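Student: As a plain string of letters, each chain reads:
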Amino acid sequence: MWAYLVRRLLLALVAISGVLVIVFFLSHIIPGDPIAAILGPQAPDYVIEDLRHRWGLDRPIPEQFVRFVGRLVRGDLGTSIATKRPVISDLRQFFPATIELATTAIILGALAGLAVGIISAVAHGSWLDHTVRFLSLIGLSMPVFWLGFILLLVFYYRLGVLPGPGQLDIFIARPPSVTGMILLDSLLARDFVALRNALGHLVLPALVLGSHALVGIARITRASMLEVLGQDYIKVARAKGLAERTVILRHALKNALLPIITVIGIYYGGLLEGAVLTETVFAWPGLGRYATSAILSQDFAAIMGVTILIALIFSLANLVVDLAYGFLNPKIRYE
Amino acid sequence: MSSDVAIARILAQERARRQQLVRRTLRNPLSLAGLIIIGLLLVIAVIAPVVAPSNPLQTNIARRLEAPSGDYPFGTDQLGRDVFSRILYGARISLRIAILTGMIATVIGAPLGIVSGYFRGRVDDLLMRLTDMFMAFPRLILAMAIAAALRPTLENVIIAISLAAWPAYARLARSVTLALREENFVEAARALGASSLRVLGRHIFPGVISPVVIQVSLDMGGIILTAAGLGFIGFGAQPPTPEWGVMIAEGRNYITSQWWLSTFPGIAIALVVLGFNLLGDGIRDVLDPRLRGGR
Chain A
6 MWAYLVRRLL LALVAISGVL VIVFFLSHII PGDPIAAILG PQAPDYVIED
56 LRHRWGLDRP IPEQFVRFVG RLVRGDLGTS IATKRPVISD LRQFFPATIE
106 LATTAIILGA LAGLAVGIIS AVAHGSWLDH TVRFLSLIGL SMPVFWLGFI
156 LLLVFYYRLG VLPGPGQLDI FIARPPSVTG MILLDSLLAR DFVALRNALG
206 HLVLPALVLG SHALVGIARI TRASMLEVLG QDYIKVARAK GLAERTVILR
256 HALKNALLPI ITVIGIYYGG LLEGAVLTET VFAWPGLGRY ATSAILSQDF
306 AAIMGVTILI ALIFSLANLV VDLAYGFLNP KIRYE
Chain B
708 MSSDVAIARI LAQERARRQQ LVRRTLRNPL SLAGLIIIGL LLVIAVIAPV
758 VAPSNPLQTN IARRLEAPSG DYPFGTDQLG RDVFSRILYG ARISLRIAIL
808 TGMIATVIGA PLGIVSGYFR GRVDDLLMRL TDMFMAFPRL ILAMAIAAAL
858 RPTLENVIIA ISLAAWPAYA RLARSVTLAL REENFVEAAR ALGASSLRVL
908 GRHIFPGVIS PVVIQVSLDM GGIILTAAGL GFIGFGAQPP TPEWGVMIAE
958 GRNYITSQWW LSTFPGIAIA LVVLGFNLLG DGIRDVLDPR LRGGR
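Protein sequences appear in the order of chains A and B. Per my numbering, the very first residue in the first sequence carries number 6; after that it's consecutive. Per my numbering, the very first residue in the second sequence carries number 708; after that it's consecutive.
Derived from the structure by calculation, the hints contain no laboratory data. Quantities reported herein were computed from a predicted structural model and do not represent experimental measurements. Beta carbons: idealized from backbone N, C-alpha and C, even for Gly. A hint or two may mislead.
To spell it out: a stretch of chain B is covered by chain A in this simulated footprint if at least three of its residues, at any positions, have a beta carbon under 8 angstroms from a beta carbon of chain A; those stretches are [said to hold, decoys possible]:
| hint | segment |
| --- | --- |
| 1 | 834-841 |
| 2 | 873-883 |
If the Cβ cut is set under 7 angstroms, some of the chain A residues that face chain B in the computed set are [claimed, not checked]:
| hint | residue |
| --- | --- |
| 3 | L31 |
| 4 | F150 |
| 5 | F154 |
| 6 | Y162 |
| 7 | S302 |
| 8 | A316 |
Restraint ranges, calculated between C-beta atoms of paired labels, are given here [claimed, not checked]:
| hint | chain 1 | residue 1 | chain 2 | residue 2 | range |
| --- | --- | --- | --- | --- | --- |
| 9 | A | L116 | B | R722 | 40 to 48 angstroms |
| 10 | A | L62 | B | R858 | 17 to 25 angstroms |
| 11 | B | S776 | A | L263 | 52 to 60 angstroms |
| 12 | A | L77 | B | Q726 | 49 to 57 angstroms |
| 13 | A | R163 | B | S776 | 19 to 27 angstroms |
Taking the hints into account, I'd like the entire structure generated from these sequences.
Tutor: Have a look at this one:
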């Protein structure tokens, strides 16, 4: 187990250093000059030269890379050319919003997915099962950004039952930032007006972001439950005269849970991808939007910082899934 | 040569298996529906210039933002272009992205996976670490970065998604190769003195290509969604290209009053992706009986 853990960590480390190389070279072959983009076409040459020198952009690319890694080790991700702040503090600001959104999304997706999956496994072969399966395929086929628009149009603009884009209504004061996550911050400040408002703002984006995870989790739950429900010990449990509810929730679900947990973990890491599109639609001030604007404004340092962070989280989620698998299923041995 | 006879027999079995796969897939009403949708997409893509009522790029400011009517079944956009014609032409773009991306990713992934699985050792380690690096990114993020680095155009979207997608196919090709290289007929061919190149091309490749192609076709829906997402955030096809993701982005400013601008391209994407997902689901059912409804 420990040998496996060490090996797995080393592999993750190799992958992450590869990520550094890929990200660095990608961001340096982006055409166009970021300096010119900030200063505008009228800037005199000496100003441009001065700035290039100050950012270190006049050095050869390999040297820039070495300096970049050196600073990275010291926790310095450089300064964003667009926001003129250290990238690390930008990330610290935008990260909590994404975590809050993704966590809510995965909780919604997992709960609904489990319920739907169990129901269609129990009723498998029935019209209910087929309807659910068809509906989930439709859900899987809709572009998330488009679904976001349609939901905003219906629930915010037409019906007016849910608030619009953003994290809070503009006339509601933001609670003092402790964790950076609005729900937790407003709880800590006992600001229930902000809490309710933030919850309302969270519903639609979390639903949209969690929709693909919901479908995936429902499918694996159905498959896994079907497999377990065919086992002999389920027949024994039924023969003992246990209530169907007990058989399904206590005996079947418990044993079907392993692959389901794995899939939930994988989807949690994958939500970062959906976050880019969802955050754009809902004007959500998170990492996804930061990544998009960094790439659009050719902001080297910000692009590198945000992609490295995303790759780190993604690898970490996969690592946790792998390890959890080992802890939960003693049958799996690591070599 | 006796090994040729053996190969012929194996290929015949393979063919029979494939025919059975096709038959069982067609018997499932859901995958049949998927196939019909995809067929329709193909037909529309081919005959778009014939059936489209107007030029998808032709602007007509006098008739901008008109609601769907007899003249314009899906209405007109902010420049007076016919949304219906743009959707029809968009089918060509989505199809081209899906097919070319699938092909490029296969052409990169399959040979690398085969070489990796067949020779193993240091080559294998190196190539697998390379796939690890690529797979450490979510696909959309990687494609975004590549598309931006190359300049956002339709061709570069295809390159970007292919570069983000190939590692999964390399992994698959590798695992199939690992199993095949232990087979008797491969060992026999080696014993008869066949060169590595001949063993790979003649004996391994035919066995690897069909699972890879099946996996690619299962992923087509996802590829189209990724391309549309890139178009939507501005890293993909650029206006005035009638790409569906771009059309949704262009219509977002008018969503409250001119709902048809974003709604129809969205439905088009959902329908096409649904077609691929239905078909994929049917194929997966046949391949993995555990997932089938009745047991």
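Student: Hints first: check each against the structure and report whether it holds.
Tutor: Comparing the hints with the structure gives:
1. Under a criterion of three residues with beta carbons nearer than 8 angstroms to beta carbons of chain A, the stated coverage of the segment 834-841 of chain B is upheld, 5 such residues being counted.
2. For the segment 873-883 of chain B, the assignment as covered by chain A is violated, since 0 residues bring a beta-carbon within under 8 angstroms of that chain's beta-carbons and 3 are needed.
3. Interface hint at L31(A): satisfied, since its Cβ lies 5 angstroms from the closest Cβ of chain B, which is below the 7 angstroms cut-off.
4. For F150(A), the shortest C-beta to C-beta distance to chain B is roughly 5 angstroms, which falls under 7 angstroms, so the interface hint holds.
5. Here the hint on F154(A) is kept, as its CB sits about 6 angstroms from the closest CB of chain B, short of 7 angstroms.
6. For Y162(A), the interface hint holds, since its Cβ comes within 7 angstroms of a Cβ in chain B; the closest pair sits about 5 angstroms apart.
7. At a threshold of 7 angstroms, the smallest CB-CB gap from S302(A) to chain B is about 10 angstroms, leaving the interface hint violated.
8. For A316(A), the interface hint holds, since its Cβ comes within 7 angstroms of a Cβ in chain B; the closest pair sits about 5 angstroms apart.
9. Between L116(A) and R722(B) the beta carbons are some 47 angstroms apart, a value that agrees with the proposed interval 40 to 48 angstroms.
10. Evaluation of the 17 to 25 angstroms hint for L62(A) and R858(B) yields a pass: the beta carbon distance comes to about 20 angstroms.
11. Between S776(B) and L263(A) the C-beta distance comes to about 56 angstroms, which sits within the given range of 52 to 60 angstroms.
12. Distance hint check for L77(A) and Q726(B): the Cβ-Cβ separation is about 55 angstroms, which falls inside the suggested range of 49 to 57 angstroms.
13. A hinted range of 19 to 27 angstroms for the beta carbons of R163(A) and S776(B) is consistent with their spacing of about 22 angstroms.
The structure is inconsistent with the numbered hints 2 and 7, although it conforms to all the rest.
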